[in-house]
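Chains as they are written, first to last, in this note's numbering: chain Y, 1 to 244; chain H, 1 to 244; chain A, 1 to 244; chain P, 1 to 244.
Treat the hints as calculated values from the structure; they're not laboratory data.
Among these hints, one or two may not hold up.
Heads up, the list lumps identical chains together, so a pair's fine if it works in one copy or across two of them.
[Claimed, not checked] Simulated crosslink set (DMTMM-like; lysine to aspartate or glutamate; CA at most 20 Å straight-line): (1) 91 / 243; (2) 205 / 35; (3) 185 / 31; (4) 218 / 37; (5) 185 / 164; (6) 205 / 221; (7) 92 / 107; (8) 218 / 35; (9) 218 / 112; (10) 185 / 68; (11) 185 / 221; (12) 218 / 96; (13) 185 / 96; (14) 218 / 136; (15) 205 / 76; (16) 185 / 76; (17) 185 / 110; (18) 218 / 179; (19) 205 / 31; (20) 215 / 31; (21) 215 / 27; (22) 215 / 35; (23) 91 / 65; (24) 92 / 110; (25) 91 / 60; (26) 92 / 75; (27) 92 / 179; (28) 92 / 34.
Protein chains: 4
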Amino acid sequence: MKIYSVIFSSVVLLISNSYTMAQETPEWVPELTEDWEYVPEVITPGTNNQAPSDAIVLFDGTDLDSWEGGDWKVEDGAVTVEPGTGGIRTKKGFGDIQLHIEWRSPEVVDGDGQGRGNSGVFLQGRYEVQVLDMYENTTYPNGQTGSVYKQHAPLANASLPPGEWQSYDIIYEAPIFKDDGRLAKPAFVTVIHNGVLIQNRVQIKGPTEYIGLPKYEKHPEKLPLELQDHSDLVSFRNIWVREL
Amino acid sequence: MKIYSVIFSSVVLLISNSYTMAQETPEWVPELTEDWEYVPEVITPGTNNQAPSDAIVLFDGTDLDSWEGGDWKVEDGAVTVEPGTGGIRTKKGFGDIQLHIEWRSPEVVDGDGQGRGNSGVFLQGRYEVQVLDMYENTTYPNGQTGSVYKQHAPLANASLPPGEWQSYDIIYEAPIFKDDGRLAKPAFVTVIHNGVLIQNRVQIKGPTEYIGLPKYEKHPEKLPLELQDHSDLVSFRNIWVREL
Amino acid sequence: MKIYSVIFSSVVLLISNSYTMAQETPEWVPELTEDWEYVPEVITPGTNNQAPSDAIVLFDGTDLDSWEGGDWKVEDGAVTVEPGTGGIRTKKGFGDIQLHIEWRSPEVVDGDGQGRGNSGVFLQGRYEVQVLDMYENTTYPNGQTGSVYKQHAPLANASLPPGEWQSYDIIYEAPIFKDDGRLAKPAFVTVIHNGVLIQNRVQIKGPTEYIGLPKYEKHPEKLPLELQDHSDLVSFRNIWVREL
Amino acid sequence: MKIYSVIFSSVVLLISNSYTMAQETPEWVPELTEDWEYVPEVITPGTNNQAPSDAIVLFDGTDLDSWEGGDWKVEDGAVTVEPGTGGIRTKKGFGDIQLHIEWRSPEVVDGDGQGRGNSGVFLQGRYEVQVLDMYENTTYPNGQTGSVYKQHAPLANASLPPGEWQSYDIIYEAPIFKDDGRLAKPAFVTVIHNGVLIQNRVQIKGPTEYIGLPKYEKHPEKLPLELQDHSDLVSFRNIWVREL
Numbered sequence: 001m002k003i004y005s006v007i008f009s010s011v012v013l014l015i016s017n018s019y020t021m022a023q024e025t026p027e028w029v030p031e032l033t034e035d036w037e038y039v040p041e042v043i044t045p046g047t048n049n050q051a052p053s054d055a056i057v058l059f060d061g062t063d064l065d066s067w068e069g070g071d072w073k074v075e076d077g078a079v080t081v082e083p084g085t086g087g088i089r090t091k092k093g094f095g096d097i098q099l100h101i102e103w104r105s106p107e108v109v110d111g112d113g114q115g116r117g118n119s120g121v122f123l124q125g126r127y128e129v130q131v132l133d134m135y136e137n138t139t140y141p142n143g144q145t146g147s148v149y150k151q152h153a154p155l156a157n158a159s160l161p162p163g164e165w166q167s168y169d170i171i172y173e174a175p176i177f178k179d180d181g182r183l184a185k186p187a188f189v190t191v192i193h194n195g196v197l198i199q200n201r202v203q204i205k206g207p208t209e210y211i212g213l214p215k216y217e218k219h220p221e222k223l224p225l226e227l228q229d230h231s232d233l234v235s236f237r238n239i240w241v242r243e244l
Numbered sequence: 001m002k003i004y005s006v007i008f009s010s011v012v013l014l015i016s017n018s019y020t021m022a023q024e025t026p027e028w029v030p031e032l033t034e035d036w037e038y039v040p041e042v043i044t045p046g047t048n049n050q051a052p053s054d055a056i057v058l059f060d061g062t063d064l065d066s067w068e069g070g071d072w073k074v075e076d077g078a079v080t081v082e083p084g085t086g087g088i089r090t091k092k093g094f095g096d097i098q099l100h101i102e103w104r105s106p107e108v109v110d111g112d113g114q115g116r117g118n119s120g121v122f123l124q125g126r127y128e129v130q131v132l133d134m135y136e137n138t139t140y141p142n143g144q145t146g147s148v149y150k151q152h153a154p155l156a157n158a159s160l161p162p163g164e165w166q167s168y169d170i171i172y173e174a175p176i177f178k179d180d181g182r183l184a185k186p187a188f189v190t191v192i193h194n195g196v197l198i199q200n201r202v203q204i205k206g207p208t209e210y211i212g213l214p215k216y217e218k219h220p221e222k223l224p225l226e227l228q229d230h231s232d233l234v235s236f237r238n239i240w241v242r243e244l
Numbered sequence: 001m002k003i004y005s006v007i008f009s010s011v012v013l014l015i016s017n018s019y020t021m022a023q024e025t026p027e028w029v030p031e032l033t034e035d036w037e038y039v040p041e042v043i044t045p046g047t048n049n050q051a052p053s054d055a056i057v058l059f060d061g062t063d064l065d066s067w068e069g070g071d072w073k074v075e076d077g078a079v080t081v082e083p084g085t086g087g088i089r090t091k092k093g094f095g096d097i098q099l100h101i102e103w104r105s106p107e108v109v110d111g112d113g114q115g116r117g118n119s120g121v122f123l124q125g126r127y128e129v130q131v132l133d134m135y136e137n138t139t140y141p142n143g144q145t146g147s148v149y150k151q152h153a154p155l156a157n158a159s160l161p162p163g164e165w166q167s168y169d170i171i172y173e174a175p176i177f178k179d180d181g182r183l184a185k186p187a188f189v190t191v192i193h194n195g196v197l198i199q200n201r202v203q204i205k206g207p208t209e210y211i212g213l214p215k216y217e218k219h220p221e222k223l224p225l226e227l228q229d230h231s232d233l234v235s236f237r238n239i240w241v242r243e244l
Numbered sequence: 001m002k003i004y005s006v007i008f009s010s011v012v013l014l015i016s017n018s019y020t021m022a023q024e025t026p027e028w029v030p031e032l033t034e035d036w037e038y039v040p041e042v043i044t045p046g047t048n049n050q051a052p053s054d055a056i057v058l059f060d061g062t063d064l065d066s067w068e069g070g071d072w073k074v075e076d077g078a079v080t081v082e083p084g085t086g087g088i089r090t091k092k093g094f095g096d097i098q099l100h101i102e103w104r105s106p107e108v109v110d111g112d113g114q115g116r117g118n119s120g121v122f123l124q125g126r127y128e129v130q131v132l133d134m135y136e137n138t139t140y141p142n143g144q145t146g147s148v149y150k151q152h153a154p155l156a157n158a159s160l161p162p163g164e165w166q167s168y169d170i171i172y173e174a175p176i177f178k179d180d181g182r183l184a185k186p187a188f189v190t191v192i193h194n195g196v197l198i199q200n201r202v203q204i205k206g207p208t209e210y211i212g213l214p215k216y217e218k219h220p221e222k223l224p225l226e227l228q229d230h231s232d233l234v235s236f237r238n239i240w241v242r243e244l
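The shape of chain Y in the complex, shown without the other chains (with noise of 0.2 Å):
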């Protein structure tokens, strides 16, 4: 009998092993760190800058049924600023985002400084990323061609001639507010333009003013997006957005 009490004795130091290493030196396996419980949803994306599957698109180049507001026409893909006929805001309104945006000023230049191919894409309706000809002008850096106006200039001026097509790649995230209207998280931007990094998600200090100092009213967490009537023949295609 002596066999199975050794051979038991073995089974049981096994045992008790296994288990007093576990307590006093637990050994890290690599799959303890792989999560599994959030999968990321399968999306297709899309070539030249075309919206990937999950993106609501705005603007295809054939109508405006998703906008509303002024007066602007289509034509040849692209809607245009009709002077004087207001902005026009989506119908949706949006909090966090990527969007996907291209612009183009007229290619017949006419003014200076921010008078030329001035207009906005308005986050929120409230927070200016500028839009204007920028190709060899000359401004205030803090209201040129991408800066979040009158609050942070660019990192760089990546402006193509006027008369060609400009994208913004622009990331947002909407400022959330207490129950009391105070400030929770304010808004944060990040801006690409042309390809070119131009705000690396820079803190939104409130509504971009023309005068005075922005200053924070708390809002409803989705708005929606407007582009402005500054006047100038502005013209827009390939607007699409994820929302975040």
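Model the placement of chains H, A and P on the given structure of chain Y, informed by the hints.
Only chains H, A and P this time, still in chain Y's reference frame:
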């Protein structure tokens, strides 16, 4: 003399009015918030994801002169991992960067999970954005394509089929350490995969570890960018960075 | 008439200068940056760590009317854990708060490591600032007194001997979640232990777990403050919060 | 021999089960998240706001040996502004600090608004936390007691009557600059006034300006703490800092 004193009084009145107004009801004018100090550099953007004029081109399809390490092969404008020779790293070190890089996993699928088109973009040689053939593939999400390896799963799976070129546009903020080695500011990374935002300035927790938890260790401000040899025949092309 | 025209010219010059200056070089005056909008509430501070006039007193030494849960005892102006009856929690829920709380571990030391004067302040019932008798005691630092349990070791060990009253002054920012459950802003906590800063607005990684890694789960904006029954006879007194 | 083989099989099974489990469902054990690496320094806290053992005492009521600048007077354990002689600043420079300082405005009130018990705590000599007799006084809130001057009004007015000693407990994170002068991380400050949180890690926008907008300029990592001579007879005592 009366006329003199009337005129004189008018002058005094004008001056004092002007003074009083300035004191009591100072007026904001638009010019006060025009900031002319920092003039952004004028650069020429690239087209079709080519490098802008202020970028450092790390690989344009011709040679690996900017790199050292593994004995990888350049062919048809692409460089491909030479399994077993180790990763390659830039001769130059980088801190904060905007990085564009394109990669392709082998058209013939061999293996699954982590064993399929596996490589990696190692920011500063220690913070990995995962490269993997994730097209109709399954693995732990925090290790899939575009993950900050074992730290942050991507927001979406925007993979293209094996054999197709895919792109990463990365915005990287290097960590900052105090003199005594403690962390003053962690690293952050934003990743756009094939035009789709998949990492939104996530906070990097430390070097990306296969086993165990990440932990920051003080390192130089600038360090080489590395591409991983994970035994799979992953190719790369069109690699450029802009120092931020 | 010459004198008239000289005077008249001077007046015109004065006016036009003034106008030109306003247009071209607008003057900043101190008043422009005086902000009269938000008037802070006038409150009466406490002396010797007593509650200020705008605080909610949770325990002033007399009763547990603001609490529910375990059957703890009030004696001599302090409340002491009744082992086995469970923790106690405030009837009212809280979001962002400034919290003052005083605690005392038993004068007679019995046990070591985690088994000595162990309790905990659970912010929103799930984020623990550890309470432990850490005077000449040894345990894992990310579980010692003032740690954010298993997430952040304190910056210093400012413990007093067992049997003495110690204080925590805590500034807590609650996490913010999106409607779909994802985290919009993590929680942060600052802890001052006996007047010494030991946690400097560290980012809380999720509920503080004994086993495994923390992971946020969406919860209501306001939740009760809890004190832990960890079987040790820890006492508390002078507990007040200010809602931020 | 059958019994042997049964036992042997059991052993093999046990081992292989154990192996399989480790591979497929690795178990988290509490020890894995115990972090023993960083051992916080043991210090002795002060009582009644006295300096803890690791603090640098800048003024204990006896002399101004740690200071230079204005010709201020030490009397009865306090130091008082000597109007017209200028501010005083520490000989030693500081970066991130916890600061305790007590101050008192003159018992006899003379003047109002900014002209009453005005002085200031200048972090790194350029970021002012305002000192003012704000007891039943009125001024622009972003310039009142505990404001980050002209940047952030305090959350509350926790002032004591003139002639009484008041305290500031300040947590300050110095800004970090890049080599080229750009800001890598702004400064942050938390202020507790008489035990009441009045600034909750607000972001400092640059040097606190009397006229115009703040703008960061690169400066050394460590700079003296300064106290302002604003012509009023403000006194200070019990000043200590802990370097963070």
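Evaluated hints:
1. 91 / 243: Intra 15 Å, inter 38 Å, cutoff 20 Å: intra-copy only.
2. 205 / 35: between (37 Å within a copy, 15 Å between copies)
3. 185 / 31: neither (36 Å within a copy, 28 Å between copies)
4. 218 / 37: between (35 Å within a copy, 15 Å between copies)
5. 185 / 164: neither (37 Å within a copy, 37 Å between copies)
6. 205 / 221: within (17 Å within a copy, 25 Å between copies)
7. 92 / 107: neither (32 Å within a copy, 41 Å between copies)
8. 218 / 35: Classified as between: cross-chain Cα gap 18 Å, same-chain 37 Å, threshold 20 Å.
9. 218 / 112: Intra 36 Å, inter 34 Å, cutoff 20 Å: neither.
10. 185 / 68: neither (30 Å within a copy, 33 Å between copies)
11. 185 / 221: For residue 185 and residue 221, both the intra-copy (12 Å) and inter-copy (15 Å) Cα distances are at most 20 Å.
12. 218 / 96: both (16 Å within a copy, 18 Å between copies)
13. 185 / 96: both (13 Å within a copy, 13 Å between copies)
14. 218 / 136: The answer is neither: 39 Å in one copy and 31 Å across copies each exceed 20 Å.
15. 205 / 76: Answer is neither: 38 Å inside a copy and 46 Å across each miss the 20 Å cutoff.
16. 185 / 76: Neither: 41 Å inside a chain and 43 Å across chains, both beyond 20 Å.
17. 185 / 110: For residue 185 and residue 110, the Cα distance exceeds 20 Å both inside one copy (41 Å) and across copies (41 Å).
18. 218 / 179: both (9 Å within a copy, 18 Å between copies)
19. 205 / 31: Classified as between; 18 Å across copies, 44 Å inside a copy.
20. 215 / 31: Answer is between: at 17 Å across copies they meet the 20 Å cutoff, but 48 Å inside does not.
21. 215 / 27: between (53 Å within a copy, 17 Å between copies)
22. 215 / 35: between (41 Å within a copy, 11 Å between copies)
23. 91 / 65: within (9 Å within a copy, 51 Å between copies)
24. 92 / 110: neither (34 Å within a copy, 45 Å between copies)
25. 91 / 60: Only inside one copy: residue 91 and residue 60 sit 16 Å apart there, 44 Å across copies, limit 20 Å.
26. 92 / 75: Neither: 23 Å inside a chain and 49 Å across chains, both beyond 20 Å.
27. 92 / 179: between (23 Å within a copy, 17 Å between copies)
28. 92 / 34: Neither: 38 Å inside a copy, 33 Å across copies.
In this structure, the hints that do not hold are numbers 3, 5, 7, 9, 10, 14, 15, 16, 17, 24, 26 and 28, in rising order.
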